[in-house]
Amino acid sequence: MARVVVDVMLKPEILDPQGQAVQRALPRLGFEGIADVRQGKRFELEVEGPVDDAALARIHQAAETFLANTVIEDFTVRVEEGQ
Amino acid sequence: MTARVGVVTFPGSLDDRDALRAVKLAGAEPVALWHRDKDLHQVDAVVLPGGFSYGDYLRAGAISRFSPVMETIIEQAKGGMPVLGICNGFQVLTESHLLPGAMLRNNHLHFVCKDQKLRVENNGTAWTSDYAQGQEIMIPLKNMDGRFTADRRTIDELEAEGRVVFRYLDGNPNGSIDDIAGITNAAGNVVGLMPHPEHAVEPIVGTGGTDGTGFFTSILKRLVNA
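Keeping their order, the protein sequence lines are chains A and B. With this note's numbering, letter number 22 in the first sequence gets 22, and the count goes up by one each step, no holes. With this note's numbering, letter number 191 in the second sequence gets 191, and the count goes up by one each step, no holes.
What the hints contain is simulated information worked out from the structure, not anything from laboratory work. Each hint should be verified, as a subset may be incorrect.
[To be verified] Here are some of the chain B residues that sit facing chain A, going by a computed Cβ distance under 8 angstroms: (1) Asp-56; (2) Ala-62; (3) Ala-102; (4) Asn-107; (5) Leu-109; (6) Thr-149; (7) Ala-150; (8) Lys-221.
All residues carry an ideal CB built from backbone N, CA and C; glycine is no exception.
Required output: the full structure, derived from the provided sequences and hints.
Right, here's the structure in full:
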């Protein structure tokens, strides 16, 4: 089965307090030099059958209507190679 | 002749019982609705209650929005049926696009649970007619994802059309844009807010305030006089 990955991130203009909390914790753990952190979501979809244009179009639609809320989030869809 | 007001129970709803009780105390007939049942059982209005429907998985309200009962509610709300979304119910309404914008994690990342002062900015909706314009009310607020947001154009449109129904007073508890606590759609039949009026309807509980009763008496008057 082929894997399609959908990454969902808050839009750049949306405040991400979770990412900020992670960023602030990093120096306390000795990880210096990280200027900013944004936290997102990754969905791994195991697709039955061929991942052709039609299948990708369906996944794009699922991402747009369900996996992401496009009022506040952006998403990308990509096929994971080499499996 | 009274009005039938339905309250939906999703898996993970918490405040459905309180909402049913508030409907009853106002003198309307409460009707329990089930998320898997498309039939609204001849209700005249619907309350989407607070809680953590579907565990808030994916995003708060995101999965509930696709439940069978919501299909019917979305269709009928577009036709004018009054719908009130409280807290998680408000999140369901934005995810359903019955109301604009979206809800984000509180800006300070803490769960909020407190009595919250609000100003009624629009008493022209189906759910707020029993309040005076500009009235200040005290309503419990309890949520994690209460930061209402929308793009500037949407906010300007809401403000210009008087569709901001409630605003937080004495400090913004979650970082929402323009201190917005609740909004309505253009027709005024769909209202969503983060605070919980159904927890402020009896003197014996909480701080003893009954400032939430007006939501339920407003809708009863609207439906009986319709």
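How the hints compare with the structure:
no. : hint    : in the structure
1   : Asp-56  : violated (13 angstroms)
2   : Ala-62  : holds (7 angstroms)
3   : Ala-102 : holds (4 angstroms)
4   : Asn-107 : holds (5 angstroms)
5   : Leu-109 : holds (5 angstroms)
6   : Thr-149 : holds (6 angstroms)
7   : Ala-150 : holds (7 angstroms)
8   : Lys-221 : violated (34 angstroms)
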